[in-house]
Structures are given as C-alpha cells and as structure tokens.
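A.B. asks: Add chains B, C and D to chain A, keeping to what the hints say.
Each chain, letter by letter, is given below.
Number of protein chains: 4
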Amino acid sequence: MRIRMAMIGGGKGSFIGPVHRMAATLDSECELVAAALSSSPANSLESGRALGLPDNRNYENWQTMLERESKLDAGVRPHFVSIVTPNHLHYAQVRESLLAGFSVVCDKPLCLTVSEAEEIGKIVSSSGRVFCLTHNYTGYPMIKLARDLVRQNMIGDVRKVAVEYFQGWLSADAASAGNRQAVWRSDPGRAGIAGTMADIGTHAFNLAEYVTCLKVTSVCADLSATLYERRLDDDGNVLLRLEGGVKGSLLASQIATGEENNLRLRVYGERGGISWEQMNPNDLVVRWAGKPYQVYRTATGFGDEGRKNMAYTRLPAGHPEGFIEGFANIYRAFFRSLRDNALNIPYTRDFPGIEEGIRGMMFLEAVVRSSEQNSVWTSL
Amino acid sequence: MRIRMAMIGGGKGSFIGPVHRMAATLDSECELVAAALSSSPANSLESGRALGLPDNRNYENWQTMLERESKLDAGVRPHFVSIVTPNHLHYAQVRESLLAGFSVVCDKPLCLTVSEAEEIGKIVSSSGRVFCLTHNYTGYPMIKLARDLVRQNMIGDVRKVAVEYFQGWLSADAASAGNRQAVWRSDPGRAGIAGTMADIGTHAFNLAEYVTCLKVTSVCADLSATLYERRLDDDGNVLLRLEGGVKGSLLASQIATGEENNLRLRVYGERGGISWEQMNPNDLVVRWAGKPYQVYRTATGFGDEGRKNMAYTRLPAGHPEGFIEGFANIYRAFFRSLRDNALNIPYTRDFPGIEEGIRGMMFLEAVVRSSEQNSVWTSL
Amino acid sequence: MRIRMAMIGGGKGSFIGPVHRMAATLDSECELVAAALSSSPANSLESGRALGLPDNRNYENWQTMLERESKLDAGVRPHFVSIVTPNHLHYAQVRESLLAGFSVVCDKPLCLTVSEAEEIGKIVSSSGRVFCLTHNYTGYPMIKLARDLVRQNMIGDVRKVAVEYFQGWLSADAASAGNRQAVWRSDPGRAGIAGTMADIGTHAFNLAEYVTCLKVTSVCADLSATLYERRLDDDGNVLLRLEGGVKGSLLASQIATGEENNLRLRVYGERGGISWEQMNPNDLVVRWAGKPYQVYRTATGFGDEGRKNMAYTRLPAGHPEGFIEGFANIYRAFFRSLRDNALNIPYTRDFPGIEEGIRGMMFLEAVVRSSEQNSVWTSL
Amino acid sequence: MRIRMAMIGGGKGSFIGPVHRMAATLDSECELVAAALSSSPANSLESGRALGLPDNRNYENWQTMLERESKLDAGVRPHFVSIVTPNHLHYAQVRESLLAGFSVVCDKPLCLTVSEAEEIGKIVSSSGRVFCLTHNYTGYPMIKLARDLVRQNMIGDVRKVAVEYFQGWLSADAASAGNRQAVWRSDPGRAGIAGTMADIGTHAFNLAEYVTCLKVTSVCADLSATLYERRLDDDGNVLLRLEGGVKGSLLASQIATGEENNLRLRVYGERGGISWEQMNPNDLVVRWAGKPYQVYRTATGFGDEGRKNMAYTRLPAGHPEGFIEGFANIYRAFFRSLRDNALNIPYTRDFPGIEEGIRGMMFLEAVVRSSEQNSVWTSL
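Residue numbers (the working numbering), protein chains in the order written: chain A, 1 to 380; chain B, 1 to 380; chain C, 1 to 380; chain D, 1 to 380.
None of these hints come from the bench; they were simulated from the model.
As the structure is a computational prediction, the values presented were derived from the model and not from experiment.
Treat the hints with care, as some may be off.
One copy or two, it doesn't matter: identical chains are merged, so the pair holds either way.
[Claimed, not checked] Straight-line C-alpha distance at most 20 Å; calculated EDC-like pairs for lysine to aspartate or glutamate:
no., residue 1, residue 2
1, 12, 29
2, 215, 270
3, 291, 173
4, 12, 27
Excised from the complex, chain A in its bound form (with noise of 0.2 Å):
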C-alpha cells in the first residue's frame, strides 16, 4: 500500500510545493492524505481542493491539522510530514510535528539558528521517527557517484573543493516587482540572518561537504547587500578551510543577471578531478592526468558504481532526468528508511537529514559572523 503524506504549506503560487508533491509520488509510492497548506486559512482550503483533498482532511492551518491527523487510526494516519514553509517558522513545525509522532520531510535551510537545529535534532533522536531535510541535489545520480569516486580513493586524496550557485532572478527588484519568493526570501524576518546564502548558499555547502566527505573548519566571507535596500545579502564569496588542510571557495550570487540556476562543483584530487553542473545533472566529468578525461552519464551501468547508481533513476541512459527526478530520489531514500523504521530495523541514511540542518546553520552563522568582522577566517 502506499505511504500517506501531509502537507504542510505549499499552496497556490508556492514554488516549492507543487515540487514536493511531483518528487513525493513520482514513484507511485505516497499519496497526499491531508495538508494545511497556506498560512491563510483561505487559501489554504481552496488550494486544498483544487488538490482534490477531502474536506475532513483539508485544514485551515496546520495546528489543527496535527492534532487531528495523529488522532486518526494507523491505517489511515499519514506516515510522516512534509513542511515546505518560509525558513521561519521551519522550527516549531518540525517540533511539533515529531512530537505529534509523525517522520518529517523538511524543505531547507533547516531553520535560523544552530541552538534551534540543535533542539530539533534532540527530538529527533528523541522521537524515533525519521528525519529528513531536502537538500535535493544530493539525489542527483551523478552526485552519489562523485561521492563514492571520492569515497573509493578513485581521485586520491581531495586536495581542493570549488563550489558555486549562481543566479540571476535578483539583479533586478523582485520584490517591488511583486514576486512573493523575492519578498520572503529577502526578509530578516522570515529567511532569518541571510538571504542568497541561506537560500543557496547552503545548498553549495551542503553539496561540497557531501562529495568532499570533508568538513568545512572555517570560512572567510565577503557578502554583499547592494541593490534596492536589501537587508539581506543576494550575493556573497566565501574562501574556505576543510578538514585535513585542504582549501576551497563558495561563490553564491542571485544577481548574476542571466544565470538561471548555475550550481556547479569541481573537487580536486591527487589523482583526479570532478566537474558537475546542475544545468546539465546526468554528466559527471572525471578529468585525469595526462590521460583522456571520462564523462559517466546518469543510468550507464558502470561496474558497483553503477549498479549503486541505476537504483536511483527510471529511465535508459539518454532519456534525460531533470530536477523532480532528483528530489523524487530523496523521497525514494526516505520511503525506504521510513519502511525500515516501522519494522524496527536500524536504517541506512541515504538522504540528508537532522546533521546536514545543523551543519548548514553553523555556516548561515559563521559567513554572517566573518562578514560583518571584515572577512576574517571564522570557525564553524
């Protein structure tokens, strides 16, 4: 039978929403049982219906929600929570929804402070249940590879890590212009301490700390507010320290005017280098010394790499699998350890969850901290 979920947020004129829901029964695997979808309890009902939700499952907000759905039956209660609001109140949903007793998907940054993700990771651990923060580009096939190349020592030891997420939908004055993503995401209130860093630039740490297999240690950041009064930053350049001495760089930028969505991850080892594009997600380029470079392509069965690899795509090589391909992977990793959790098996983490959400709090604070100090190399 398929796994039930709930929505939290993700009504009419969300971004993130609807991509939950694709991602989430892509597979066939889930169902959505209930939701509350919109902070306005208006909108949240109409854009209910027009999911076709009954109306007894249909919730002006999501107090409401979670107190009635985990008094439902097992058979009929959803499984888990899926919480696609602003970064703002990220933190009492979470709370409250694993201590209502439900496994939680959370779109990310997971929160606005490392005390906050900290709280959340005790209930976790706490709960039982399993937790889960999508930072969805780690479900990109070519991604897992690069980590297990770097795992497997195929490159030698990582000597240099470049990141960069470069946007353009900034470099000109959204919010004014209306775009409520804009108006959001640019709010102290509501992003908390950073703008374009928060929004992206955790998702470029998390991705070179997930190939890496090396911790950032500390950062040197630059980051820049300019344009239309902005009391966040909408573009920063940060140099980083990684655990073993190696050094790295994160640029992230929304007023790239032009780029679209241009995360890019090139990791330098002794023997080799990787190269990923997210614009172009089923090429993972592995250049060598001296010798012709190879390019590896989503769903090319390739020795254990491959066979690993094929487990997170549908489709012969060539047919192209995009972004909700991607984030469906997540939900796949999540479905498989929520089916292992409720037969008491202890689950392998295939996805990210409650150590990446504090991890990227601890950067969000350290770049805000080295700049506003001038740049100077600040500890995570």
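C.D. replies: Okay, now just chains B, C and D, sitting in the frame of chain A:
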C-alpha cells in the same frame, strides 16, 4: 476530480509502461483505476497488485477489462485507456477500446499497416472519442517553440531539414542476451515490417513533419539488417523530399555503438537555422546569418512564444526538465482536450493523433518498399 | 636552411592563399621566395610586392615563373610550388610545375575530372617529385588519432559512418553581392561539374575514407541547386556504401543558414563510436557500450597514440590549436617527405596525395551522375 | 618591408619562446634577425643556428647582443627586442634594451616588485620607445568584444566579476621529474615572491581589469604551497573588491588535477552577463534577463563591434583560431603602434603595456601580503 485511466500492457519488465504512468500522474490530474498489464494473466495480476490496484479492477486480460469497465457507472468508469503493448497488438486494442466507448492514448507506432491505421481513423471519427498517439518528443517545450518559430516565419521559408536518431543498444546481440525489448522489437510478428525504423525512425519522421509544418512527399531509403541474423532493420539512411521542393535526410540507427538516445533535428530556413538535441532538451539553438546565435531555454519567457511555452513547463528556468516531463506534456494536452470534449467543446488538439499515426505507417511502408527496390524514390 | 616555396595564386582577396602562406611558414621551416599571385598581371605584381617579394622573383604569370625559376641554381631555386588557384586551373599548373622539376602542393579539389586526375598521377609517378593535396582537415591531431584508433581496432570493425559538412554562406545570394569566392565556386567553367560537393563535399568524403580506412564503393545522391538560379549544387545528401558492407551517409550544404564551417564525422564500430567536430577540433569523443565515454584532447600524451600525435602539436594541452595549425601539419609532413626524397630515402606519406585526389574526382563524378539519374546507386 | 625582431631567451626547451616567434611572424610582418636565446652561451648559439640565424647575429649573451645590434645601421638594426626569459631577468633586460634604443616586448609578469616596475615605467616614458607586455589573453577577439560590450554599457553597470584560472600540471611533482618550467617557476630566486599567482594569477587579474574597465582596489587572499615542500604558492583563492563597490573573486591553481589551461571569466552587469572560456575562445556568451542568451562568434561581423573585431581575425567564422592567433594579435597591435611611433604619430595602445605591468606587480604584492596576514583585506 481526477481523470481516471485504465491501462493495457506495461507490467513487470516493461520500459514504456512506467513512463506512461509517471507522465499521466505527474500533475496530479489523473489516477490509474484499472489495468490488464500483461499478456500473461499471472503476470498481469501480479503487476497490478504491485501498483496497488484493487482486485476487482485488476484484470487477467484486456478483453475482460474493456467489457467490465465499460459497464461501470460514469462516476467510476475510466475516462480513457492507455495502450502500451507491442506494436502488433495496437490495432485490435485501440479499436476495441474505442468501440467500448473509451478515449485512447496509444504508444507509437500506431499499428502495422496503413490500412489498419486508416480503419482506426474511421473508428476514431465516428466514436466521438479523443485519440492520442504518444510521439512524446513533440511534448518538449523547445520543440513546440521550434514549430512556432517556423510557423511565424521567423526563420523564413524552410529549405532543408536534417533529422537523425542514433542509439547503440543493438550493437550487441541484445535479443540473445535475453533483453525483452530487443526480442519483440526485432520480431516481424510483433514489431511489423520494420525494426529500427518503426521503433525510432517514426519518431524522427514525426518530429521533422511537426516542426517544419511540411509533409514528406517521397523517400529514398537504404535499410540494413546486418547483425546477428536479424530479420528487421537495425540501421537505415533515408533521403527525403518534402513539400515545396524542400530536401532533407533522416538517419536512424540502433547499432551506433555508445550512443544513448541521440535524437537531433536541424531545420534551415531562408533567414535562420534551428537546432535541437533530445539529450539536451531545454536548449533550442537558433542561428542567424552574420549575427550571434541565440539559445532559447525552457521556462524563460520571451514574447508570445514564451508565454505559450510556459504552459508546458513546471519549474523555473535552470531546473532541468526531462523525458518524463516532456511525456507528461502530451498527457497534459490530452487531458485538456478530454475535458473540452466532455463538455462538447470542439477541442484544439495539441498532441499527436490519428493523422500522425497514419503518416507514420505511410512512412514505414514507403521506406521499406524503397529499400527493397534498391533505394528507388518512393512516394508516401 | 629553410625550404623555399613558390606560389601560384593567392593574391589580394584570396581566402586560401594567406592560409597556405601562414601554414607553410608557421614552423619557420619554409619561406616564400617567388610567386605569381594572380591571373591579372597587375594584381599579381602588386600582391607580391605587398608580401615583400623582390621584383625579380615576383611574376606577372605562372608560366613565366616556372620557366625562369626552374633555371635558377639549386641553392636558390624553389623546392616546391604551392598552387592555390580556382579548380579549373589546377590541372595545367600542377602538370607544368611537375614537368619543370618542382614538387607540388595543390589545394583541393585536384582538378575537374577523373581522367585529368589520373594523368596527373602518372606525371607525379614519373617525376620523382613529392605531391601533396591539401585536404587539410586530416592535419588535425585528433583526426590522426581517430584513424589510429580505427587502425588499431580499438573500436572493432567499422559498421557505420556519418559525415556532414554544413555551411550557410550561400543561403544569401553571395555571388550577386560580389563575393569573389561565391562567383567562381558556383561557375561551372571554373569550379567544374559540382559546386558544394566539389568545395566541401570532397573534404567530407576524404575525411570519411581517411578515418575509416575504408573505400566508398557506391553512392546514391540527391543534389540540389535551387537558389538564385545557380548552375551548380549548393546542397546535397548522399547515401554511401563502403567496403565490407558498411553503410553511411554524407550530407553537405552551403545553404544551412547560420552554420559556419560545421564539418562533423562519426564512425561506429563493433565496440565503440568516434565523434569529431571541426569547430571544436581539439576534442575527440570516443563512446563505449555501457561505459563512461572518453574525450581525448590535443597534446595530451597517452600511450603510443599520444606520442605520435604530439608530433603534430605545438603547444601544451589546453592552449587551443586551430585551423591554421591543422593546415600547417599538412605542410610539416610534406616538408619531412621533401627532405627524405631529396636524400633518396623512400618516404612515408603522412599527408593526402595523388590517390586522394583521384578518389575525390571519382566521388564527384559518381554523385553528379547518380543525382542526374534520380539517385540511382552509382559505383565509384 | 618587414619589422625586425631580436630575441632574448626562448632557446631549446623553452615553451614561450617558440610561441612568441610564431606569433610575431604569423602575418609575415616581422622576421627574427638577431638573438641571444639562452643563459648558456653554448645553448644560445646552438638554438640560434637551429633557427637559421647567421653567425654574426647569433649571440652568446644578451648584453653583447644589445651592444652590437644597437650600433648597426638603421636599415638592419632590430626595431625591437622580445624578452622571453624567466621573471627575475626581465627587469635588467627590459631596462637595458630600452636604454639601447629598442622598443620592447616582454613576457609577463613584468618583473619582481612594484618598485622595479615603476622604474621601468619611467624609462619607457623617457625613452620614447614602445613597450608591450604579453598578457596575451587580451588578444583574443572575443575578449576585445567583451570589453567593448562593457564599455558601451550594453550589460549596464558592472556588479560582479568571477575569474578563475585552473591548471593541473603541478599536481604531480613536476620539478623533481625534471620539468624545466616547473623548476624555475617554483624557485623564489627566479620566479619572485609568488608562484602560481605570478605565473597565471596575473593573467586572470589582468583579464578581469581589462574587460570590466574597473580597477581592483583590495584583495583578501588565501595562498597555499602545500605540495612537495614547494616554497611558492601552487594554489590560491582571492576575494576582490573593485572600484564602485563591485565585488569579485579570483581563483588560480596549478594543482587542479586534470585541468589543462582553464581560464574563465564571467562579468555580470545590471542588464546582462558575459561568460568566456579560454579553451573555447571563439565563443562569447552573453546572457540577458528573461531572454534567449546569445553566443557571439569570432569573425562573425555584427555592427561596430563586428567590424572592429574583424581587425583581429584571419579566417572566416567557423575556422577555429587559437592561442597562437590570439598571441599574434598582441604583436599585430604592437606593430601598428611601432609604425605610428616611427612616424611620430601618437599611437593608440591596443595591447598591454607598462601600466598593466605595474598593476600586476601591485596585485602580486597585495595577495602575498594579505595571505601572510591570514587573509586580511589589503589595498593595491
């Protein structure tokens, strides 16, 4: 409420069955309510159970399904049947589905001969039902844009077309190795008079006619079935003549070793040239004489074309949309017509239908006849 | 000391003349010592002066040049004559240059007919001189590597070849607009029996035979001369049959609007496939069934191929080498043979010669004949 | 008549010496007439002989060459000296060449310190000679176009710049392996205060200032020399602040394993963004908010930019021009100024000169100082 789908074929081991299901349900507009998923009754039932179908709508064979489902109340009865079986079964299944009162989505190619295709055409006409043939590559937003650029005379009169579709999976003896797809697709009893030309050549042909808005008038073909004592072509090169004296070429191969799913179209007009590649589907390159060339991108709005094409995207630009999303666009358009048809509104058909199916059969018969006569020019 | 070059043709307004001069002198192995640069005596002298030629070796016409230069002392006499005139002049100029005792470099195509070509062949043989035909695209290191990969059976037996050469400059009426290249290249009196096929089709043909190491045995051609009342083809599509039952296609066009100089070759064998594009000449893509594909790069040494191909590079990898450098490789190889020949050492010919010239003429006669007979298969 | 060049350095085993010779002579405007090609007298003479220099102008050392050549008649005396030695020799050689009355072309970086650079600047001014520093990447036509697009305010005010230059050849212990380039470039006595930053970082810096038309005001740098007990940096990441509050980043590495010569520049303005990659130098990508992006191509004329940039191309579009041709454009512009200067015409300097040399030294001193002080922001 959701549109209700029944499915014939697409059980365990099928490639295209899951694609149809993901595509049909991606937008939460549709759900699978009944199925006869295999020619083997046991496999059929087992496959249906794995998809969560209730026993009373999970059928051992498609004839029984049509009989029983057609008698259900209008509130539960399927709105359409999706047919995803090998080619030789399409004719009877499409006909019977239509006669049972269902609209139909059928995977390509439509059937085995022009006369079968024309018969189906008559039944479609008299049935008042909606018929869709999933030449899915026309669902990509950049292909719709390409057609618009031609129709609006942006590149001037079309003068030349070059289409090619290269795969490599038959360069090995896939059939002997037990690949089910390879077995039936190279069997004249199930695939029809052509192998590669039926399997992928018809896609290339359809794409060329769709984008150029011109009909192919005659072909000069050289088909080959050289490897592993195959009885159907695994490679073919075809010269094209189109309406208005336009010349072209169509190359299709499944022995192009190392190629994945390389469908590529180029159309040249008086003022500009268009280029598109399926494996990089979100780019549409438009070249101009003596000026910088342009790359249009999925989900970037620009003028009327932009607005229209946004109707076939789900994500902001730079979030790659792939094969499933393109396929889902065929279903999205089909659903719109299905709703209009139910309201007795004459519908615009923004998806391939019976005419495209007949054209495909004409193309297949012509290339086979031309090749048998040592590449004599043969009219469609 | 430097090799001494005389030149016929290539004066003011010539495209290919300067290319030959840059290519011949790039490595400081050769200098231009005498020339008759134009069919117009005045233009000839003026062009020579602009190049710094002394008056006594700057000629009004090529006949005088050959006569006088052939009588000079061995220490000053040119070692070879470079012929860069329109096609219809090649035959007489090559013949007379050889008979005057000079080795010869001639731009392609060799001449106008197979019988002319064969006559030249006899003279080359009896002359003891070195003859080079500048099918320059075989000078690119990655093309030499491609041929090596085929010869060493790395991709297995060749099964399929697809070559295309698309330009767009004749999509406008370049001749009427006064483009000198367009005028003579579309004039049967000067270009011969074919236009586009002679100008660029022969390059594509030569490249396909060079890399596959197979001869084309017959062609099925559809040539067009639709625009601006042209008398010679400006577009053509050709089916190919090669030795050993291999099939192929050759597409050539100068009305592919917006295309610059898009020569592209793909060769598929039993185990692998090779792909190369002239506009990105330092990459050679090699695809393998079920494995990551590889990209070989100019000046990256790898095994025997690497070492050999380094003989045709001038810079470390990543410093792009282009058209002139590729062209210069033809001269570099020619110079090596010229030196060996002067020492009576039997020389290896690592550049196109008389055989390639005869093959080119056979190809042209066959495609023209095939097209005139409505695309009947025609043997070479 | 041809311009006469003398050369210091560039004998056997040199990488950059042959590049300068090919570049200077590519257009037949210049010839090498004298040289002192090595610091070893024997190697110097042998190298000169191999290039065909007459004995009386083939020198054992550069001091003798300057002394004797400066006394020759104006009709044979070199017009300029090209200096292609390791960094630590530039200062004396440039100074003495100028004082001997010669114009000078010097390979980058100009010298070892800002004060040396400023001294040279004074000598250039008082000498009345023409001085050129070969930051060759500004010779590419697409880089000149990029600068024009910025200057003409096509992309609006510049807001952000990201430049990077990645090589991988020092990821192995090239110096111990006997690579001559690696030996001197990592020796503080010959390379100066910086390794990678001097070798390629200065190129990246120059390119960024050239295209943006903005000066870098301060840097925040993290340089590393981790491998093989190197005494100079082999990798460095630098945050940039430029005039007008513009932010940027400069990444340079020679331990980016598998990278060849990957210099990449992106400049974002209010309305558009520019992207260029040295390994694909004939493309200039210009992105616009919400519109198709454009790719400008070398030798495709378009408006005023087109006509101007055609001055730096040699071939029709689509015939790839590479590193040597770009380098030759520096010489081409230098020759034009040399001629103007000889006629006492004030010349436009369309090539890098003394100012760029001083800027480069300022950059190097600033990044080294910043890095030594744990990445404190340091003014240039």
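A.B. asks: At 20 Å max between alpha carbons, let me know whether residue 12 reaches residue 29 within a copy, between copies, both or neither.
C.D. replies: Cα proximity of residue 12 and residue 29: across copies only (16 Å, versus 24 Å in one copy).
A.B. asks: Is the C-alpha distance from residue 12 to residue 27 at most 20 Å within one copy, between copies, in both cases, or in neither?
C.D. replies: between (24 Å within a copy, 14 Å between copies)
A.B. asks: If the cut is 20 Å between Cα atoms, do residue 215 and residue 270 qualify within a copy, between copies, both or neither?
C.D. replies: Within one copy only: 18 Å inside, 36 Å across.
A.B. asks: My question is about residue 291 and residue 173: at a cut-off of 20 Å on alpha-carbon distance, are they close within one copy, between copies, both, or neither?
C.D. replies: Between copies only: 17 Å across, 47 Å inside.
Hint compliance for this structure: every hint is met.
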